[in-house]
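**Q** Residues per chain are reported as follows:
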Amino acid sequence: AQSVTQLDSHVSVSEGTPVLLRCNYSSSYSPSLFWYVQHPNKGLQLLLKYTSAATLVKGINGFEAEFKKSETSFHLTKPSAHMSDAAEYFCVVSANSASKIIFGSGTRLSIRP
Amino acid sequence: KAGVTQTPRYLIKTRGQQVTLSCSPISGHRSVSWYQQTPGQGLQFLFEYFSETQRNKGNFPGRFSGRQFSNSRSEMNVSTLELGDSALYLCASSDRGANYGYTFGSGTRLTVV
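Residue numbers (this note's numbering), protein chains in the order written: chain E, 60 to 172; chain Y, 3 to 115.
There are no misleading hints in this set.
Computed cross-link-like contacts, BS3-like style, restricted to lysine-lysine with a CA-CA straight-line distance of at most 25 Å: (1) Y:Lys15 to E:Lys101; (2) Y:Lys59 to E:Lys108; (3) E:Lys108 to E:Lys159; (4) E:Lys128 to E:Lys117; (5) E:Lys127 to E:Lys108; (6) E:Lys159 to Y:Lys59; (7) E:Lys127 to E:Lys159; (8) E:Lys108 to E:Lys128; (9) E:Lys117 to E:Lys127.
These are computed hints drawn from the structure, not numbers from a lab.
Model the full assembly from the supplied sequences, consistent with the hints where possible.
**A** Written out as structure tokens, the structure is:
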């Protein structure tokens with residue numbers, strides 16, 4: 060069975076400092092992994108996806124994530140936080156179906172001025 | 003390219019009533035999925051339609067139903083509304099399925115009173 064765990068429900072960083080949002084997954088086969096972002100009162104936007112090509116995946120707005128099979132992790136990082144990055148972030152793993160994916164519980168990112 | 007359009011954006015209904023939500027996917031996308039988002043349960047998968055056929059279904063009661071039309075537009079219906087159905091309902095579309103990444107709409111905020 061597939062599952063995904065976001066290790067922090069809330070992360071707070073200062074503007075201009077690095078961001079790290081942690082995600083561990085469990086999958087019985089080679090998964091597809093995604094990060095989505097949700098700004099207040101908005102739908103979700105795809106940040107980046109891993110689909111068994113390069114293990115370091117670059118996404119939009121300066122975000123990137125590294126797939127580490129040995130650690131079953133897919134952490135999201137950004138070198139320098141911006142106020143506009145404040146949002147909820149969801150790590151997602153594909154289930155054993157083309158149409159079903161599993162969302163993590165979300166990490167709320169706050170940015171301090 | 004127009005995004006995923008959900009109507010209405012906000013809805014207030016009374017317990018026992020029924021409601022229909024609408025979703026227009028990105029042109030050319032044949033896969034449409036529906037999710038329920040609540041603070042307590044997070045994002046939960048309702049169902050997915052692909053070329054007018056329900057391809058996958060989540061663990062929701064039969065009061066929740068959906069359909070997809072030949073132009074890929076989708077509707078979701080909830081009958082005999084309960085207070086617990088209050089949520090943000092998100093529609094997502096993809097050209098092939100969830101494993102390839104979704105584009106989400108802004109959602110319909112349903113409040114049941």
